[in-house]
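Enquirer: Sequence:
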Amino acid sequence: MATNTPNLECRMYEAKYPEVDMAVMIQVNNIADMGAYVSLLEYNNIEGMILFSELSRRRIRSVSSLIKVGRIEPVMVLRVDKEKGYIDLSKRRVSEEDIQACEERYNKSKLVHSIMRHVAETMQLDLEDLYIHVGWPLYRKYGHAFEAFKIIVTDPDSVLNSLTREVKEVGPDGQEVTKVVPAISEEVKDALVKNIRRRMTPQPLKIRADIEMKCFQFDGVLHIKEAMRKAEAAGNKDCPVKIKLVAPPLYVLTTQTLDKEQGMSILNNAIAACTEEIDCHKGKLIVKEAPRAVSERDDKLLAEHMAKLSHQNEEISGDEGSEEEEDTGLGDIDVENSGPGITD
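Residue numbers for the sequence shown follow UniProt numbering, so the first one is 1 and each next one is one higher.
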């Protein structure tokens, strides 16, 4: 499959041209007297044209408000002349459903194409040859190569070992024979699996909620600790809950999960369990920031804030041994007036 100067340009799909009445993703190249010339991004940037009459169902007052050079968007295929290479397109005939389906397909295809091209480039392969023996057979078998790539993340052999190619060899008797061999070498297979796993393995999201919790009853500290234990008990193995004290009475609840909705639900359950427990002891819980996905930057800011508060506490504390003061401190300090809040 390797060549000295491998070709790294290729369409995403086996068909060289799109079908009529199919929505395709285009990029506008230039605007002429009759219409706009565009590139079909999924078909190796072959040229198409959108006549001004196909821009909008309404009267056109300004072409520039409807189409701009460089813009990427879905349009409908009206006519395909395969002999001359002409492709006529329409923007006004594409529906919202077509747009949504086209964007979803294109985003999947773009990721597949990026992985295939990277493997071809690093392994010195012809990209179209790689598509012929790997990409397009997976499109045919799985509906979209993206679906096959998702399986490859955890079980590559079940997908890739079924791919074969035919090669012709001259036998001992001098006659040409056809042999069926694996579609790709082990080296190419390893490179493909490695790239698919790197690009498609889902990364866990961090979900966080900020609460204020106070309890002025006798043994208030113990009641708060019990409420914290109830919050953490709301988590599970796939979505564990942790709760940390920032500065009295401010706490943060966090969890990590591959499923955002599950993470949000579990943190809400943790807050509910925490609220129920602290209410039993006439305490109070206020949600300052509802559960939401946070970034590494948010985590860094929280860590910096906690470190700053810890440093301030070290500077002013001189009687840490007072158990009575520790019991009341969790409820008496007003965070809003005693120092800066958490910055997201």
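Simulated from the structure, these hints should not be mistaken for lab results. Think of the CB as a built atom: it goes at the ideal place given N, C-alpha and C, for glycine as much as any other residue. There could be a bad hint or two in this list.
Said to hold, decoys possible - Computed spacing ranges between beta-carbons, pair by pair: (1) E212 - R93: 54 to 60 Å; (2) K300 - V63: 43 to 49 Å; (3) N7 - A293: 48 to 54 Å; (4) D81 - V181: 22 to 28 Å; (5) E19 - Y142: 34 to 40 Å; (6) R92 - E212: 53 to 59 Å; (7) A293 - E97: 27 to 33 Å; (8) V287 - K308: 19 to 25 Å.
To be verified - Computed cross-link-like contacts, DSBU-like style, restricted to lysine-lysine with a CA-CA straight-line distance of at most 30 Å: (9) K225 - K194; (10) K282 - K300; (11) K141 - K225; (12) K110 - K225; (13) K141 - K179; (14) K237 - K189; (15) K308 - K225; (16) K91 - K16; (17) K260 - K16; (18) K168 - K225; (19) K189 - K141; (20) K225 - K150; (21) K189 - K242; (22) K189 - K214; (23) K206 - K168; (24) K260 - K284; (25) K194 - K214; (26) K168 - K179; (27) K230 - K282; (28) K179 - K206; (29) K108 - K230; (30) K150 - K16; (31) K300 - K214; (32) K237 - K300; (33) K179 - K110; (34) K68 - K110; (35) K110 - K260.
Enquirer: Can you confirm whether the C-alpha distance between K300 and K214 stays at or below 30 Å?
Expert: holds (26 Å)
Enquirer: Regarding the pair K168 and K179, is the alpha-carbon distance no greater than 30 Å?
Expert: Within the cut-off at roughly 6 Å; holds.
Enquirer: Are the Cα atoms of K206 and K168 separated by 30 Å or less?
Expert: Violated. K206 to K168 sits at ~54 Å, over the 30 Å cutoff.
Enquirer: Hint check: K150 vs K16, CA-CA at most 30 Å. Holds or violated?
Expert: holds (26 Å)
Enquirer: Within 30 Å, alpha carbon to alpha carbon, are K110 and K260?
Expert: holds (24 Å)
Enquirer: Is it true that E212 and R93 lie within 54 to 60 Å of each other by Cβ?
Expert: holds (55 Å)
Enquirer: Below or equal to 30 Å on CA atoms is what counts here, so check K237 against K189.
Expert: The hint is violated at about 34 Å.
Enquirer: Checking one constraint from the list: CA of K282 to CA of K300, max 30 Å. Satisfied?
Expert: violated (34 Å)
Enquirer: Has the given pair, K141 with K179, been kept, meaning a C-alpha gap of at most 30 Å?
Expert: holds (22 Å)
Enquirer: Is the hinted range of 53 to 59 Å satisfied by the C-beta distance from R92 to E212?
Expert: Holds, at about 54 Å.
Enquirer: What's the verdict on K189 and K214, does the C-alpha distance respect the 30 Å limit or exceed it?
Expert: violated (58 Å)
Enquirer: CA of K260 to CA of K16, is that 30 Å or under?
Expert: Between K260 and K16 the Cα gap is close to 39 Å, so the pair fails against 30 Å, i.e. violated.
In summary, the structure is inconsistent with hints 3, 4, 5, 9, 10, 11, 12, 14, 17, 18, 20, 21, 22, 23, 25, 28, 29, 33 from the numbered list given earlier, while agreeing with the others.
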